[in-house]
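Number of protein chains: 2
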Amino acid sequence: MRTSQFPLSTVKEIPADAEIASHQLMIRAGLIRKLAAGVYTWLPLGLRVLRKVEHIVREEMNKAGALEVLMPALQPAELWQETGRWEKYGPELARMKDRHERDFCLGPTHEEIITDLARNELRSYKQLPITYYQIQTKFRDEIRPRFGVMRSREFVMKDAYSFHLDQESLQATYDVMYQTYTNIFNRFGLKFRAVMADSGSIGGAVSHEFHVLAASGEDAIAFSDASDYAANIEKAEVRRPPLNRPAPSRNLEKTPTPGKKTIAEVCEFLGASASNVLKTLILVQRPADPQNSAARNVYYMVLLRGDHELNEIKLSKIIGNFDFAKDDEVEEALGCRPGYIGPVCQEHRPFLGRIIADYAVENMSDFVCGANEAGHHYTGVNWERDCSLMNEWLHDIRQIGEGDPSPDGNGNITIARGIEVGHIFQLGTKYSEAMNAAIVNEAGKNQIMVMGCYGIGISRVVAAAIEQGHDECGIIWPNELAPFQVAICPMNMYKSDRLVDTVEKVYRELTEAGIEVLLDDRKVRAGFMFSDMELIGIPHRIVIGDRGLDSGTVEYQGRTDRDSQEVPFSELVGFIKARLA
Amino acid sequence: MRTSQFPLSTVKEIPADAEIASHQLMIRAGLIRKLAAGVYTWLPLGLRVLRKVEHIVREEMNKAGALEVLMPALQPAELWQETGRWEKYGPELARMKDRHERDFCLGPTHEEIITDLARNELRSYKQLPITYYQIQTKFRDEIRPRFGVMRSREFVMKDAYSFHLDQESLQATYDVMYQTYTNIFNRFGLKFRAVMADSGSIGGAVSHEFHVLAASGEDAIAFSDASDYAANIEKAEVRRPPLNRPAPSRNLEKTPTPGKKTIAEVCEFLGASASNVLKTLILVQRPADPQNSAARNVYYMVLLRGDHELNEIKLSKIIGNFDFAKDDEVEEALGCRPGYIGPVCQEHRPFLGRIIADYAVENMSDFVCGANEAGHHYTGVNWERDCSLMNEWLHDIRQIGEGDPSPDGNGNITIARGIEVGHIFQLGTKYSEAMNAAIVNEAGKNQIMVMGCYGIGISRVVAAAIEQGHDECGIIWPNELAPFQVAICPMNMYKSDRLVDTVEKVYRELTEAGIEVLLDDRKVRAGFMFSDMELIGIPHRIVIGDRGLDSGTVEYQGRTDRDSQEVPFSELVGFIKARLA
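Protein chains in written order, with the UniProt record's numbering: chain A, 1 to 581; chain B, 1 to 581.
If we strip away everything but chain A, and leave its shape as in the complex, we get (with noise of 0.2 Å):
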């Protein structure tokens, strides 16, 4: 292809709505145009690749024996009032009605109808297991649409379903899609992990994510430096340490700590490590009348080791919901303010419901902690001889941190943030049972399918594939998904006959060769060319100049490499295929 028609459309200004660095590249390269809040155009070049996400998906799923199908974007409102979502999705699901004043929506996703085509499909056990998958628009009403494609009202997606006698078999489609979107990712070319996960709202128990890892991604993933072991760190499990508490060696003495409330504070004015501080939290679970005199706010005293985080989503499971206890709560509940309180003859406290602890707690010795009296910490605290500590108070509580041990057994903790660009589920029979999708077994018995569900944003994996590959000058793509593998760019203006000759040749041998070239045959300066390509990211870049005519060479460049280096005219194509291999 050649710049002269397949035109740029760079630009040099900066969307002022576009706050993360894909949003800002995408609209710069000339891949998308804003039509609305949250609603996009994608031009050629960013089609392009957007196509090639699609393509390899598309490979993969079909290699794995998921069948195409292609469900309609317009969805009848029953359907959803079968399985209760109509009214539980809230304004997130675009609705409208048609001009009968039935109501529709437009699909953000498809468990409903493929449950319906299922349960008039499929009649016998014979025909199970059975994936459909289809590459298909999505719409969702987001709130507040932002970061371009990343979080757009509408996108496409791969969504994939399958259907199943039972678990077992359910299992082996989920592994056989684990491995599949493993190999998605991995031609991708991106670095990503697969993460346990909570499986949100769509319900289900087993998930994974697919995070594409990014510093800007708005996930923070564990994963283990020796394992396969990775979760969403909301997720991580923290295993409960071998009990190795060193004997006490000092005595318990309050020290005066007057105006040091914070762990850093106590920590820089005792000289202590946060390791060695104890971090005590107070909870509350209030009333759901407060009109009723009766109820009493319920207090939770939970305890961390200083240096480490809760994980509100793990102690949710544990306590329920709660909040943070305001300071006059705090007060009474310990009779002491915030900053000073601590565990040490504190737990038969009225109103204190209940004391949780993490488990590394446990192995704290002489430690410091709130002496509950204003401007003082106790020292050389130990667990049993200067305060309890229960069994039933210790739970896995806290955010895994960076070298914590993996909970697999196998290495250390790595964190890392990601972007979540596929999703797979074990639904069970969520959808299944509420519609009444069943088959006849091999007993003659009607018997409710069993359910998987497999998502990959296909258009935010373009916009993840640029968190993760960019730098000042452009986006950087993987050999798989750049629009164009190779730039030519000839020199003074592409104007002499000699040069034209010779870089016509390389773009013919070149595409000939089965290599996806953008000759940028614009009369410009070469700055202004090399300032494109490297926008909008091609990974190889060929210049072709007077002096490499008299040479017989080119100047390549890979697009982060350093240096440009000379290749023989007669070597280029191997040279290039090497790079692309």
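FYI, nobody ran anything at the bench for these hints, they're computed from the structure. It cannot be assumed that every hint is accurate.
Note that the list lumps identical chains together, so a pair holds whenever it fits in one copy or between two copies.
[Unchecked claim] Computed list of lysine to any residue pairs in SDA-like fashion (alpha-carbon distance at most 20 Å, straight line): (1) K261 x R337; (2) K88 x L549; (3) K97 x W383; (4) K63 x E516; (5) K523 x L128; (6) K34 x L70; (7) K97 x E87; (8) K505 x R250; (9) K254 x G271; (10) K97 x P108; (11) K317 x A434; (12) K577 x R187; (13) K326 x H55; (14) K63 x F6; (15) K126 x T3; (16) K12 x R28.
Model the placement of chain B on the given structure of chain A, informed by the hints.
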């Protein structure tokens, strides 16, 4: 592919709401399933066909230098308000409000969106001409969706839009698109005609429709048997024949024709041919404000040869909108009830505004017409001698008919029915003017761009292909659109090892030769397989049985062949390839 991995979804029952063959067959063959009125899911088999249509269209559009984009389905009302179509489009425009109560529609077409894109992206005449296209899902809230995907509410279209500095450039691109469409329809393997057409509500002057010919088509097309001439029958011009009127040979006589009101009745009663009877129609234009007592009806007497049909569109272009006069209005205009009226001595009647005669009546002599007296006709009528015929009365107002000379002077007209699946328009500046889509021209001045637009109903092509190609057993696909090109049907329930080995070898060889094969590996009776393969319309069928194993042959039968033929294993690939070429 094997039926075990690609299950067929054929059904016996003809769905109650399926009125036409393609709708019935698409359901029965398992290509689509209805989700709601006019909203369909494409099953795997149907989607394969849809993708083939898409693929051919995409390849040819790319060859023509058009740039593929992907515009959103969600379109903000503001842009439609700029062109006035938000108000004009009517209830077929699917409208909705987002959660912030902003108005959107689901695009049935994208003129506003592309014109908005163009006015932002295109600055200089140097960027012109440029053609963008997309293959995208569209919505039209049909009042009565029917005929399956032929007239549905959600459908796939290829729409393209070109931008130009001037009409000359538009014409050049229009010509390229005309040729591109011709190439596309040829590649589909369908019988089609490009016909001159009215451009309807989209506006603009020159337009052509591309019709797939089928007896069930909604539109009648007139085309020459000796040239490329083709036009929608509504539009086909009938040229004025040379004056060639025989001299009068009979006297004017008033003849009783009691109760004989229609042309057919009069012909039978008088032994006349319809071409020698004058058809006289009375039309009326009623005053806009019927309360205004000064306003009166204006009547038109319209004269046609008895065997010709009025073309109302042609007439309305001459006199504007009109109605057929009611009986009492005819009497007011002519003093005679309908059935016996004629032009003799009527031209100066009060209230009779104007006489309009079709060119063909000019050559009538000794003809029959109503005598303006109940129960009587004149015979032996001759123009000038008995009745005026002014040159200014004469116009082309009739429908062209089978056997008429072609308007381009080459050959005679044949009438066929067609299904409109493509349409190319010269839009001119209708949208660019309304939306101020201008570029800077060579003189440095702002200039409104000239536009063309070019559509193909991708999903409609699938249905149209079936309307053209089917018989009582099912669909007959052309090679290029067939979901699979070859079906292999093994005999004897696919059980003997010897048979399986051979079948697998044939399957492998054909597949490796790049042929798309569906191997029916279901253990079912031959008749069951055959009827499925005929229903889904696979063009080439290979039967392999024990007898063939002995003789080293397969039984080949084309979908429309009367008989099968034996083909040696060794020649099979070449044999099939020749049939696909």
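Cross-check of the supplied hints:
1. For the identical chains of this complex, K261 and R337 are intra-copy neighbours only, at 10 Å inside a copy versus 107 Å across copies, given an alpha-carbon limit of 20 Å.
2. Taking the closest pair of Cα atoms, K88 and L549 never come within 20 Å of each other, the shortest separation being 68 Å inside a single copy and 62 Å across copies.
3. Taking the shortest Cα distances, K97 and W383 never come within 20 Å of each other, neither inside one copy (65 Å) nor across copies (62 Å).
4. When the C-alpha separation of K63 and E516 is checked against a cutoff of 20 Å, the pair qualifies only between copies, where the shortest distance is 16 Å, while the shortest distance within a copy is 25 Å.
5. Taking the closest pair of Cα atoms, K523 and L128 come within 20 Å of each other only across two copies (17 Å); inside a single copy the shortest separation is 60 Å, beyond that limit.
6. Only between protomers do K34 and L70 lie at most 20 Å apart by alpha-carbon distance; the minimum there is 12 Å, versus 26 Å within a single protomer.
7. Taking the shortest alpha-carbon separations for K97 and E87, both the intra-copy value of 16 Å and the inter-copy value of 18 Å come in at or below 20 Å.
8. In this assembly of identical chains, K505 and R250 lie within 20 Å of each other by CA distance neither inside one copy nor across copies; the values are 83 Å within and 84 Å between.
9. Taking the shortest Cα distances, K254 and G271 sit within 20 Å of each other inside one copy (15 Å), while across copies they are farther apart (130 Å).
10. Taking identical chains as interchangeable, the C-alpha atoms of K97 and P108 lie at most 20 Å apart whether they share a chain (17 Å) or sit on different chains (16 Å).
11. Proximity of K317 and A434 under a CA criterion of 20 Å is satisfied in neither setting, with 26 Å inside one chain copy and 59 Å between copies.
12. When the C-alpha separation of K577 and R187 is checked against a cutoff of 20 Å, the pair qualifies only within one copy, where the shortest distance is 17 Å, while the shortest distance between copies is 34 Å.
13. In this assembly of identical chains, K326 and H55 lie within 20 Å of each other by CA distance neither inside one copy nor across copies; the values are 54 Å within and 64 Å between.
14. For the homomeric pair K63 and F6, the shortest alpha-carbon distance between copies (12 Å) is at most 20 Å, but the shortest distance inside one copy (33 Å) is not.
15. Taking the closest pair of Cα atoms, K126 and T3 come within 20 Å of each other only across two copies (13 Å); inside a single copy the shortest separation is 54 Å, beyond that limit.
16. Taking CA atoms no more than 20 Å apart as the test, K12 paired with R28 passes inside one copy only; the shortest distance there is 6 Å, against 55 Å between copies.
Taken one by one, the earlier hints fail for this structure at numbers 2, 3, 8, 11, 13, listed in ascending order.
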